[in-house]
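2 protein chains.
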Amino acid sequence: MKVKPTQLYEARAKVAKALAHPTRLLLLDALQEKEMCVCDLTELVGADQSTVSKHLAVLKDAGLIAGRKERSMSFYRVTCNCLDGFFGCIESVLKENLKAQRAAMGV
Amino acid sequence: MKVKPTQLYEARAKVAKALAHPTRLLLLDALQEKEMCVCDLTELVGADQSTVSKHLAVLKDAGLIAGRKERSMSFYRVTCNCLDGFFGCIESVLKENLKAQRAAMGV
DNA sequence: TGGCTCTATGGCAATTATACCATATCCATG
DNA sequence: CATGGATATGGTATAATTGCCATAGAGCCA
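For the record, the sequence lines run as chains D and Z.
Following the working numbering, the numbering of the first sequence begins with 1 at its first residue and continues without gaps.
Following the working numbering, the numbering of the second sequence begins with 1 at its first residue and continues without gaps.
Some clues are possibly wrong.
What the hints assert, rightly or not - Partial chain D-side listing against chain Z, Cβ under 10 Å, derived: (1) Leu8; (2) Val15; (3) Lys17; (4) His21; (5) Val93; (6) Ala100; (7) Met105.
What the hints contain is simulated information worked out from the structure, not anything from laboratory work.
Quantities reported herein were computed from a predicted structural model and do not represent experimental measurements.
For glycine and all other residues, C-beta sits at the position ideal for the given N, C-alpha and C.
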């Protein structure tokens, strides 16, 4: 087969890594609905504010969200319109896993 | 907003984590084309056989691939048909990042 | 200005992930 | 049965991730 350069897989993996944490998935879920500030997101997540801030930095660095400052607050929003494709795939896998699990339990 | 249970995000994150490594992305890419044995995948990846075997175990545990034994060899194949959605999203993000990067360089 | 809120970052400890080596297991074959 | 190939797994050292604390900086208001 045609081997693609390692660099491409590393770039892809970086984005995938940003998506590979429950807190960040929760953040994306919330931000998909509307732009939110760090204070609200911190309350939503229920972790330290610095922790949330770092998670947001990871998402931003991956290019999944963008930030905007207003007054003394920072607002974040989702920048890509393809998250449905991502979440759809994940959900599909989880559903298949459940099905397989039930089948393995003996119908 | 309606808060979804932590457990759901953890389940999603587990699948996403399985996708968050360059070697595993390469493996999926190869397996999307056709079923392959560990020996061929090991050669393709260029890492230790045990390393590849463990990566395959991660993918299998996440429900992304399935294995089949034939003679003394193991063959793996992709079990979900939704990877295009996942890869499509990743590629879309990377493309947007490049565009933004170019724009930031000053057109 | 002083104090307060909001956010980002450095530091650090604990956990988790990764890669290789060695080795056990399974299977085919001489 | 002994040998060798293919694969999976335990062990271990190293690297990366994560979360919280402390703190710095920016903006707002009395």
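Check your understanding: Can the hint on Val93(D) be confirmed by a CB-to-CB distance to chain Z that is less than 10 Å?
Key -> holds (5 Å)
Practice item. Return the status of the interface hint for Met105(D): holds when the least beta-carbon distance to chain Z is below 10 Å, violated otherwise. Key: The hint is violated - Met105(D) has no Cβ within 10 Å of chain Z, the shortest such distance being about 15 Å.
Point to revise | Hinted contact Lys17(D) with chain Z - closest CB pair below 10 Å | key: Since chain Z brings a Cβ to about 4 Å from Lys17(D), closer than 10 Å, the hint holds.
Review point. Regarding the hint that Ala100(D) lies at the interface with chain Z, is the smallest CB-CB distance below 10 Å?
Key: Nearest chain Z Cβ about 7 Å off; hint holds.
Check your understanding: Quick one, is the Val15(D) hint okay against chain Z at 10 Å, beta carbons?
Key -> holds (5 Å)
Check your understanding: Minimum Cβ distance from His21(D) to chain Z below 10 Å?
Key -> holds (6 Å)
Point to revise | chain Z contact restraint on Leu8(D) - CB to CB distance below 10 Å | key: holds (9 Å)
Going through the hint list in order, the structure does not satisfy hint 7, though it satisfies all others.
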